[in-house]
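Going down the list, the sequences are from chains H and E. Mapping of the first sequence onto the working numbering: residues 78 to 323, in sequence order. Mapping of the second sequence onto the working numbering: residues 1159 to 1475, in sequence order.
Hints listed in this document are in silico derivations from the structure and should not be mistaken for laboratory results. One thing to keep in mind: the hints can contain errors.
Claimed, not checked - Under the rule of at most 25 Å between Cα atoms (straight-line distance), these lysine-lysine pairs were calculated in the BS3-like manner:
id, chain 1, residue 1, chain 2, residue 2
1, E, Lys1424, E, Lys1400
2, E, Lys1181, E, Lys1362
3, E, Lys1232, H, Lys174
4, E, Lys1411, E, Lys1400
5, E, Lys1362, E, Lys1387
6, E, Lys1263, H, Lys174
7, E, Lys1336, E, Lys1387
8, E, Lys1362, E, Lys1400
9, E, Lys1263, H, Lys90
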Amino acid sequence: MRNVWIIARREYKYYFISPVAYVVAFFFMLILGLFFYLNMRGAMIQAAYQAYAPDVQIVIGPMVTLLLFVMPAVTMRSIAEEMRMGTMELLLTAPVKDWELVLGKWLGAFFFMLSLLAVTLIFPLVLNFLVKPGIDQGLLVAGYLGLIMMVASMIAIGVFISSIFNNQLVVFFISLIVMLALWFVSQFASDAAGLGNQLLTYLDFPGHFNNFYQGIINLSDIVYFLSLTSFALLLGTVSIEIRRWR
Amino acid sequence: MIEVEGLIKDYGPRRAINNLTFKANPGEILGFLGPNGAGKTTTMRILSGYMPPTWGVARVAGFDVVDQSLEVRKHVGYLPETVPLYPDMTVFDYLKYMADLRHIKNAEDRVDDVLDIVHMEERADGYISNLSKGMRQRIGLAQALLHEPDVLILDEPTIGLDPAQIREVRTLIREIGKQRTVLLSTHILSEAQQICDRVLIINKGEIVVEDTPERLQAGLAGAQRVSVKVQGDGDGLEKIIKGIPGIGSISVKAEGFLEVESPPGKDIRPVIARDVIHAGFDLLELKTIDLSLEDIFIQLTRDEPEPPSTDDTEEEA
């Protein structure tokens, strides 16, 4: 496990010296701020006609859509860059197990995203001042837990894709396609029968997140995101092992 | 320290190395010579635990590269040909990171030690992106030395360096090689001659010859060659030399300048001198030509479509 921390620490530090991470974080916050402003303005107009107080969903809703595009950008370099720079040869000849490398890469990116999510807490905080008697804290906790779960699995998928291709742009687009597929997969559930139907329904990414969004913390949803994360990390490890054998 | 038996590596349908068998003893610097694409890097990658072979057995420091890969990696210091470094890190941070991954106690002190060995202590706080190629090479070497490995595997350690840097790195390798086993690949023959105790010549994934540089040179020299230079255009010179009994092939290098192959063990120079002068030529030069390791190398890897590069770095060294 020690190697996981060593790799994660370097990975986390790297995000703070890499321009890509700053650009991604900047635009993420900018667009989020813009949505927040527009939503608040809309809410104020609405409030003039009827009793209405916006809740934390006006922050979490846009964040989910944004993350769909931000996550591939955050993880695209993860392992692909090591391969492009040749430093992968260094890591694979150091006494580091393949799973430690994958987990370290995931953890580094996960900590970075946790930091970014922590910064976004400024919006619920502002909202809390603006509405009376304050925001629903249950919604806030469940929403952010859902975001953390979603981000964890998205990073794992990104790290896995990043372990297959050397080109970061290819990694970005394939990650985006995989995440979009998970997003819309349930739409096709009705077309399939039996086990296929069950599988597609289970894979429904937004469906599982939606419970958190509504303020409901279900164990099955947590299990879904954790198993998705573990499975993607396992695939990442296998992918590196296959690379060795090629 | 390194034992390789029947090693085979296939990349899809292409066989990169075929049935390699060799040994490197403790405290020995073994040179791995071959043209580009001969299978040097593939062999080194297998020995460093980067990838497994398709077939065969390789043991490094007593550990099997497939079954005990992690142990092998603990005992091997490896410098890949590309010298992979993180340009966004400082020299010290990079080495500290690598030392941490190898769980080295007092990592910071050890980093200082290796920086001292490669004479880079003054650049410890500098970013790797600002270093010259030679400095990067030295940092790569420092990284390979961090854990005081029993076996050092260096893939083309002097490639792309200027003559002064080449000399420096070679001296460093010789120093390091006194205490540990070094496997060093190169396609620069003079380098192998200067540094290595023993040389393996590999071509198309197979070992062509294995010996000390000196014995290789002596044993394969076979027929001696003699160069003959006379004043003027040397018209009729070839005919005169051809008439000498026992003479081998003659190649005309320029006007009045020939290279003659003489039978082994016989010094033919007095006969040539007498006959040439007798025929009325003014003899300017008459000397034997030693077959260089380079010639041997080209002879042995002759059917290779791309002859080994003999760039100027080799001449300067």
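Okay, the hints, checked on the actual structure:
1. Under the criterion of a C-alpha separation no larger than 25 Å, the hint pairing Lys1424/E with Lys1400/E is consistent with the structure, at around 16 Å.
2. With a CA separation close to 19 Å, the supplied pair Lys1181/E and Lys1362/E stays within the 25 Å bound.
3. In summary, the hint linking Lys1232/E to Lys174/H is supported, as the alpha carbons are separated by about 12 Å, within the 25 Å threshold.
4. This hinted pair checks out: Lys1411/E and Lys1400/E have alpha carbons roughly 16 Å apart, not beyond 25 Å.
5. Straight-line distance between C-alpha atoms of Lys1362/E and Lys1387/E comes to about 39 Å, which puts the hinted pair past the 25 Å bound.
6. Simply put, Lys1263/E and Lys174/H have alpha-carbon atoms about 20 Å apart, close enough for the 25 Å limit, and the pair holds.
7. Using a Cα cut-off of 25 Å, the hinted pair Lys1336/E and Lys1387/E is violated, with the two alpha carbons roughly 45 Å apart.
8. Using a Cα cut-off of 25 Å, the hinted pair Lys1362/E and Lys1400/E is violated, with the two alpha carbons roughly 38 Å apart.
9. With a C-alpha separation of about 22 Å, the suggested pair Lys1263/E and Lys90/H falls inside the 25 Å cut-off, and the hint holds.
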